[in-house]
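Q: Chains A and B, in that order, give the protein sequences. Here the first sequence stands for residues 0 to 206, where the numbers follow numbering that gives the first Met the number 0. Here the second sequence stands for residues 0 to 733, where the numbers follow numbering that gives the first Met the number 0.
Since the hints were derived computationally from the structure, they do not count as laboratory data. Beta carbons: idealized from backbone N, C-alpha and C, even for Gly. Mixed in with the good hints, there may be bad ones.
Beta-carbon label-pair distances, calculated as ranges [stated by the list, open to error]:
(1) B/481 with A/65: 41 to 47 Å
(2) A/65 with B/247: 36 to 42 Å
(3) A/62 with B/680: 56 to 62 Å
(4) B/224 with A/47: 52 to 58 Å
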Amino acid sequence: MKDQRPSRAGESGFSRRAFLQGSGAAAAATALAAGSGVAEAADDKTKVLGPGPTAITLKVNGADRQVTVEPRTTLLEALRFKLNLTGAKPVSVDDSSGASMVIIDGKPASANTILAVACVGKKIQTVESLGGSKPDPVVTAFLHNDAMQCGFCTPGFVVAVRAFLDKNPKATEDQIRKGLNSNLCRCGTYANVIQAALEVVKGGSRG
Amino acid sequence: MAKKYSWPDRGTTALLGKPQDRIDGIAKATGAAKYTYDVNFDKMLIARVLGSPHAHCKIKSIDFSAAEKIPGVVKCMAMKEPGNEVRWQGDPIAAVAGESEGAVAEGLKAIKVEIEPLDVYVKDADLAAAEAAGRTGKVAKNVQLEREAGDDDDEDKFAEQEIERLLKESAVVVEAHYGIDVITHMCLEPHGATVQWEGDKLNAYLSTQNVSGTAGQFASPLGITTGDVTVICDFIGGGFGSKFQVDNFNVTAAKIAKEVGRPVKLMLDRDIELKTAGCRPSGYIDVRIGADKEGVVTVWDSQHWGTFGATAGGVDQGVIPYVFNPKNRRRRATPIITNASPSRAWRAPNHPQACAMSQTAYDDIAAKLGLNSYDVFLRNLASVSNEKQNVYQAEMEIAAKLIGWKDKWHPHGKGPKKGAVVSGLGMAIHTWGGGGQPSNTNITIHPDGAVEATLGSQDLGTGTRTAIAIITAETFGLPLAGVKVNIGSSKYPPSAASGGSVTIASVSESTRRAAQDALLKIFELASKKLESEPENLEAKDGRIQVKSDTKKSLSWKEACSLLGMMPLEVKGEFKRRDDQGLSSSQVGGVQMAEVEVDRDTGVVRMKKFVLVQDMGLVINPKCAQSQMYGAAIMGIAYALFEQRILDPTTGAFLNAEIADYKLPRLGDVGEIVVEIYQPDDEYNRGVVGLGEPPVISPGAAISNAVCNALGVRVPVLPLTPKRVLEALERARKA
Chain A
0 MKDQRPSRAG ESGFSRRAFL QGSGAAAAAT ALAAGSGVAE AADDKTKVLG PGPTAITLKV
60 NGADRQVTVE PRTTLLEALR FKLNLTGAKP VSVDDSSGAS MVIIDGKPAS ANTILAVACV
120 GKKIQTVESL GGSKPDPVVT AFLHNDAMQC GFCTPGFVVA VRAFLDKNPK ATEDQIRKGL
180 NSNLCRCGTY ANVIQAALEV VKGGSRG
Chain B
0 MAKKYSWPDR GTTALLGKPQ DRIDGIAKAT GAAKYTYDVN FDKMLIARVL GSPHAHCKIK
60 SIDFSAAEKI PGVVKCMAMK EPGNEVRWQG DPIAAVAGES EGAVAEGLKA IKVEIEPLDV
120 YVKDADLAAA EAAGRTGKVA KNVQLEREAG DDDDEDKFAE QEIERLLKES AVVVEAHYGI
180 DVITHMCLEP HGATVQWEGD KLNAYLSTQN VSGTAGQFAS PLGITTGDVT VICDFIGGGF
240 GSKFQVDNFN VTAAKIAKEV GRPVKLMLDR DIELKTAGCR PSGYIDVRIG ADKEGVVTVW
300 DSQHWGTFGA TAGGVDQGVI PYVFNPKNRR RRATPIITNA SPSRAWRAPN HPQACAMSQT
360 AYDDIAAKLG LNSYDVFLRN LASVSNEKQN VYQAEMEIAA KLIGWKDKWH PHGKGPKKGA
420 VVSGLGMAIH TWGGGGQPSN TNITIHPDGA VEATLGSQDL GTGTRTAIAI ITAETFGLPL
480 AGVKVNIGSS KYPPSAASGG SVTIASVSES TRRAAQDALL KIFELASKKL ESEPENLEAK
540 DGRIQVKSDT KKSLSWKEAC SLLGMMPLEV KGEFKRRDDQ GLSSSQVGGV QMAEVEVDRD
600 TGVVRMKKFV LVQDMGLVIN PKCAQSQMYG AAIMGIAYAL FEQRILDPTT GAFLNAEIAD
660 YKLPRLGDVG EIVVEIYQPD DEYNRGVVGL GEPPVISPGA AISNAVCNAL GVRVPVLPLT
720 PKRVLEALER ARKA
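Assemble the whole structure, with the sequences as input and the hints as a guide.
A: So this is what it looks like as structure tokens:
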């Protein structure tokens with residue numbers, strides 16, 4: 000009954016903690032010191048990046064954004080500190096909270112378990128893209144159903160519901176209960192999130 | 000003031016008491032809401048804390064030389080001096096600030112700390128071991144007996160004899176052990192601050208539930224005046240009682256920012272957050288309880304213990320047995336001092352543990368007598384300590400209907416089986432005070448009709464902003480969008496910290512008072528134009544009109560233009576509850592749980608959870624219901640899943656990550672049904688806070704439901720599969 004989280008494509012498989020603090024950090028530091036720090040960009044050619052801060056272009060919410068990042072910078076850190084897109088939240092060191100969820104090439108992914116340099120050439124969509132003057136129906140459903148309390152997990156949950164309903168536009172309550180276990184809320188808004196998701200299903204999700 | 004403040008009569012309101020969407024809901028759902036963690040400045044440094052890896056030691060030296068050489072590390076600062084004692088794992092000992100998260104992580108790793116290890120003690124569930132280790136504090140005792148001791152009687156000896164006599168004369172005696180482990184607050188936004196100096200003035204964006212009360216806590220250690228500190232918190236990502244104080248790491252962030260001349264963001268890592276930034280005390284109890292053949296408890300004798308962590312304390316003996324106040328009782332409480340972080344107020348301090356440690360015993364009385372638990376709770380209502388018998392009785396009837404108690408209840412362990420799966424029902428009741436604390440609201444009405452309500456409150460997630468907007472808009476007859484609410488700054492008029500479920504009552508008092516006074520001023524101006532007396536006017540549907548002749552009216556804007564050039568500013572003050580009827584305190588609450596338990600795997604599954612709660616006059620039922628849903632889920636969390644696991648030898652906190660610290664997810668909570676109990680006498684007693692009460696009963700209600708399903712008590716929460724299987728095994732052997 001616990002943690003039946005769907006495996007999500009679009010994740011790098013990096014553990015941020017292991018990368019930053021464990022053997023990964025040591026390996027990366029050695030490689031960088033040797034001047035051969037290599038990270039693979041999304042195109043097939045192997046590009047040498049680093050060892051220090053490197054300028055890359057990220058396609059975020061439809062716009063090309065130039066950022067200077069270290070090869071070890073996570074997408075979450077780049078979004079939050081370089082682009083001031085703070086909707087995705089740093090809650091867990093792995094992807095077990097869902098709070099940093101974004102959509103990469105149409106699939107949900109945790110922004111804190113993928114490096115910024117690994118996202119070059121990919122289409123990144125953050126929760127901010129669901130706002131604006133005409134918010135996404137998931138956003139308005141969250142509002143109408145009060146699917147938030149402190150709200151810190153809410154952007155991640157909105158992205159998760161959006162991604163889940165894109166794939167399962169006619170989801171039943173049972174499917175929602177089984178399929179949205181990737182995100183954690185400490186205030187306990189689950190009952191209202193279920194109602195919000197159901198409202199979107201009933202009202203028809205976006206095409 | 001001669002004026003009598005009051006709420007509009009029930010049924011006459013446009014907004015108040017009707018479900019409203021949060022005014023900041025879109026901002027929260029789209030990432031536009033800026034939490035402390037989200038406040039960024041140019042040239043801002045990221046800082047992190049190094050927590051002690053040892054649970055008990057003396058610091059001999061801290062060496063930053065290697066850390067300072069790491070590219071991107073800008074500043075290292077010690078938080079402990081040589082000779083300082085560390086008393087729990089994760090206690091901050093140093094901080095590193097740098098250009099990136101990676102640089103800071105490397106910097107923290109490179110700090111060399113030399114320590115002298117000291118003895119570690121963390122076994123809070125074992126009273127005898129704690130006594131042997133000299134880790135117990137002063138025992139608190141409270142005895143109440145129907146018969147008084149004579150002048151020549153030794154009090155203790157008399158109590159002992161009297162209790163033995165009463166137990167012997169009881170129709171049934173239950174002798175049992177119950178308990179509940181330490182859990183943490185696990186705020187999803189960790190503790191921390193983003194700080195920025197402007198000359199000698201500090202702007203501290205602090206994740207706090209105490210906006211008006213924290214500036215001085217920064218000022219004093221920094222050697223500046225409170226007026227030179229502005230604490231700002233527009234949104235807070237969870238607090239639950241852990242975020243009242245300015246911690247030493249926040250002050251360290253300000254010190255680093257000052258030294259380096261750059262803004263600093265210091266937020267705790269998740270593991271340090273769990274290790275040091277808040278937990279709830281444990282409670283374990285040995286109890287003997289005697290009742291008559293109807294299940295009415297006549298004597299209670301208990302000894303309980305538990306830990307506050309590194310400081311002495313535990314569950315107060317005064318709340319045992321919880322809510323029930325039987326005629327004869329002896330309660331003893333022993334604090335155990337451990338090498339674990341000191342506890343902080345956790346949503347309804349004392350109450351969830353007391354409920355879980357004692358209303359389970361009441362249910363075991365029912366089980367032993369073969370009685371329906373509902374009847375036993377009902378018969379014992381005569382002894383409730385808060386004189387809310389009638390409220391409990393009414394709420395029990397509602398809850399029973401909602402969960403189908405009559406049809407589904409069966410004697411403990413005697414229900415139908417589906418393979419290895421058995422089901423059961425359980426209930427519990429609770430109480431909480433709430434009530435208003437001092438609060439001030441400024442209402443500003445601009446000549447163009449714009450309205451602002453300004454106060455130093457905060458929104459813990461309960462919908463404070465929206466409640467203030469509802470009250471202001473309702474008073475002026477305006478739509479919600481016609482009101483701007485400013486909260487979240489220590490420069491605003493001071494309002495109570497959000498603790499003890501006092502926020503809504505506090506801000507409702509000061510806001511309604513300010514708004515009624517301000518409206519009177521507008522009435523005075525409008526009365527000349529409308530050729531009527533101020534008391535004959537009303538504010539409705541965006542107009543100021545004569546009650547008896549609504550054709551004689553001014554639009555809100557026209558009325559406000561009579562102010563001339565200057566805005567009108569009115570301060571609403573609330574110092575204490577003064578029987579004006581705007582707020583009240585003391586609530587009841589009944590909860591019932593339906594569970595399924597798999598006897599082969601030990602897994603407990605929530606089927607249905609019902610909460611019925613009184614809370615006086617409800618400002619916004621939508622947000623109130625959300626709090627009830629949330630409390631149920633937080634209760635399901637500590638009843639079934641969450642526990643802090645410490646290594647018994649080293650005191651290491653083994654599951655200090657979200658992946659390991661188990662909390663329920665969306666699929667784990669079952670069906671939850673909430674019902675606000677609000678007959679006219681509740682509406683008429685004014686506003687009472689709600690944050691805490693509904694989180695109290697779930698532990699006992701779920702434990703009782705599991706016991707009803709299995710016919711066996713799983714004594715200690717959380718009811719993990721392992722504990723369920725162990726309890727079944729013990730019963731098999733018995």
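Q: Each hint needs a verdict: does it hold in this structure or not?
A: Hints versus structure:
Checked against the given bound of 41 to 47 Å, the beta carbons of residue 481 of chain B and residue 65 of chain A, roughly 43 Å apart, stay inside it. Hint check: residue 65 of chain A to residue 247 of chain B, Cβ distance near 39 Å, so the stated range 36 to 42 Å holds. A hinted range of 56 to 62 Å holds for the C-beta pair residue 62 of chain A and residue 680 of chain B, which are about 58 Å apart. A hinted range of 52 to 58 Å holds for the C-beta pair residue 224 of chain B and residue 47 of chain A, which are about 54 Å apart.
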